[in-house]
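Enquirer: Residues per chain, in single letters:
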Amino acid sequence: MVRPHTQPTDTLRGVNRFEGKTALLTGAASGVGQATSIRLASEGAQIYGLDVNADGMAETKATVEDAGGTMSTRVTDIRSVADCRAAVEDCVAEFGAIDVVGNIAGIANQRHVHQVTEEEWDAMNDVNVKGMFFLTQAALPHVLEREGNIINIASNAGLMGQAYTVPYCATKGAVVNMTKALAMEFVKQPIRINAIAPGGIDTPLVHNFELQEDIDFALMQPYMGYRDASTAVQIAALFAHVASDEAGNIHGSIISADGGLTAS
Amino acid sequence: MRRYDGKVVALTGAASGMGRCTALRIASEGGTIFGIDIDADGLAVVASEVSDAGGSMSVRVTDISDPAECAAAIQECVDIHGRLDVLGNFAAISWMRNVVEVSPDDWRRIFAINVDGTFFLCQAALPHILESRGNIVNIASNAGFMGQAYLVPYCATKGAIVQLTRALAMEFVKQPIRINAIAPGGTDTPMNEDFTLATDTDFDLMKPSMGFRGFGSPDEIAALFAFVASDEAGNIHGSIINADSGLTAS
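Residue numbers (the numbering used here), protein chains in the order written: chain A, 1 to 264; chain B, 265 to 514.
Any given hint could be a false lead.
[Unchecked claim] Below 25 Å or equal to it, Euclidean Cα-Cα: the simulated DSS-like pairs (lysine-lysine) are:
(1) A/K130 with A/K180
(2) A/K180 with B/K471
(3) B/K471 with A/K188
Simulated from the structure, these hints should not be mistaken for lab results.
Just chain A, same shape as in the assembly (with noise of 0.2 Å):
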C-alpha cells in the first residue's frame, strides 16, 4: 500500500507506524475518535469506525478518505452486546484482522446527584462501561491472534471525585480498573491493554454539558484546572504513541493527559 502523501510533519521519523494494521474505533463520528481515526489513518492504519451517529462518521470517512486514507463505519449502538459482537465480525469479515481497539465512546452529563434518574444511570453506564467490556471481549480473540493492544478512554474523572458528575466518575473509575484487570488477566499473553485519562477536551461530549442551576462554582474549580482545555489531535497523538509498536513495555497504564488537573 503506498501511502506517500499523508504522513504528518510531525511523527516520527517518516515511518508509517500503522502500515498494514486494523483500528477498530467507537465513537469514531467526533471529537477524539474523530480525531484518531484521522491520526492513525494518516500513518498507515485501515480504520473501522463505529459509532451511533451516522452522519458524524460520514465526515469523518470523507476527511480520512481527502487525505488518501481507508475507512469504513458501522452505525452501532455499543450498549447492545449482540450488536457488538456483530460489529467485531464484520469488521474482521471486511478487514482480516483487528489489530487495535480504540474504546473511545462515552456520554457525560451533569447533575445533581438529587436529578439522576435510573435511566439515565443506566445509560450512562450501558454506553461508558458495559459497551467497553462487551466490545473488548469480542474484539479480543482478534487482538490476541495479531498481538495487538487495546486502549481505552478513561478520564481524569476516574481519579478524582468531581462534584456534580457521580455517575460519570463512576463508570470511568470503572474504566480504570477494569483496564488494569484486563491487563493483569492478560499478562502473560503478548497483546497490551493501557487507557488514556484525559482531562476535559474541546469535543462535543464537553460541549453538550449543560450546566445544572445552583452549582457551587467551587466545587467544579479542581476539574476546571488552570489551563486550557486540551483538543482532540493531542489525545490522538497521545493514542497513536501508545498503540504503536514503540509502547512495547506499556502495559496495564492509565496514562494521564490532562494539564495537571490530576497532579494535586
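Knowing the structure of chain A, use the given hints to seat chain B on it.
Expert: Chain B in isolation, oriented as in the chain A frame:
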C-alpha cells in the same frame, strides 16, 4: 520538520542505559544534546555515537549530588547552546540491600543522587525552561508506586520523585511549561546488570516486582520520553506515566 529541530535537551545519566538511548533518539529527531554524567568515558562514547549518526551532542562531567555542580552544569549548557528546552533527569543509583545493612552513608548517597540531584537541576533549569516554554521529564520508577523488598531506600527516593514532580507541576500550572515523570519498570540497562542480591533473599517477596514480561528495553523509554517531551504532548502536565509491562496494574 522533526520534533526536536532547533531544541536543546539536557540529559543526566547520558553515559549509559536510558539516558544514552534517549540522547541517540532525540538527536535523531534534530535535538542538540547536552549530556551530563559522572562517567567521562561513557559520555565520550555516547557523544561519538550521536555524532556518527549525524547528531549534535556536547557533554559535561558532573556529580549531580553537589547542588553547586547542578547549577554550573545548567549554566554551561546555556552558555554553549544559548537556550534550554528540555531537561531529562535520568541519573540514579540503585542497589538491593537488607534494611539492617543500609548505612547512613548509603542512605545519604542514594538520596543525594536520586532526589537532591533532580531537585537542584530542576531549580537551576526552570528559569531557562520558562524562557523557552519547554518541559522537564523526571525518571521515577515502579518502585515509586509499590513497596519492594530489599529496595527500601530506592523506593523512598522514587516515591520522592513522584511527588516532587506533581508538586512542581502544581507550582507552575499557570506558566506555559510542562513537568512530568516516566515510571519505568525493570529495564535492560547497566544499572540492572550490576544488581547483587541482598543477603538471604526471600524470592517470594521479590515476585510482585519481577512481573511476567521480563525487562523492558531502554529504547522504549527513549521513545516515550521523545513523545512526552515533544510539542505533540502539549496537554500532558503533572502526569506520572507508567511504562512497566503491567507491574503497577495490580
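Enquirer: Take the C-alpha atoms of A/K130 and A/K180, compute the straight-line distance between them, and say whether it is at most 25 Å.
Expert: 16 Å, holds
Enquirer: Can the restraint linking A/K180 and B/K471 be considered satisfied, given a maximum Cα separation of 25 Å?
Expert: With a Cα-Cα distance of about 18 Å, the restraint between A/K180 and B/K471 holds, given a limit of 25 Å.
Enquirer: Checking one constraint from the list: CA of B/K471 to CA of A/K188, max 25 Å. Satisfied?
Expert: Within the cut-off at roughly 14 Å; holds.
In the structure shown, no violation is registered for any of the earlier numbered hints.
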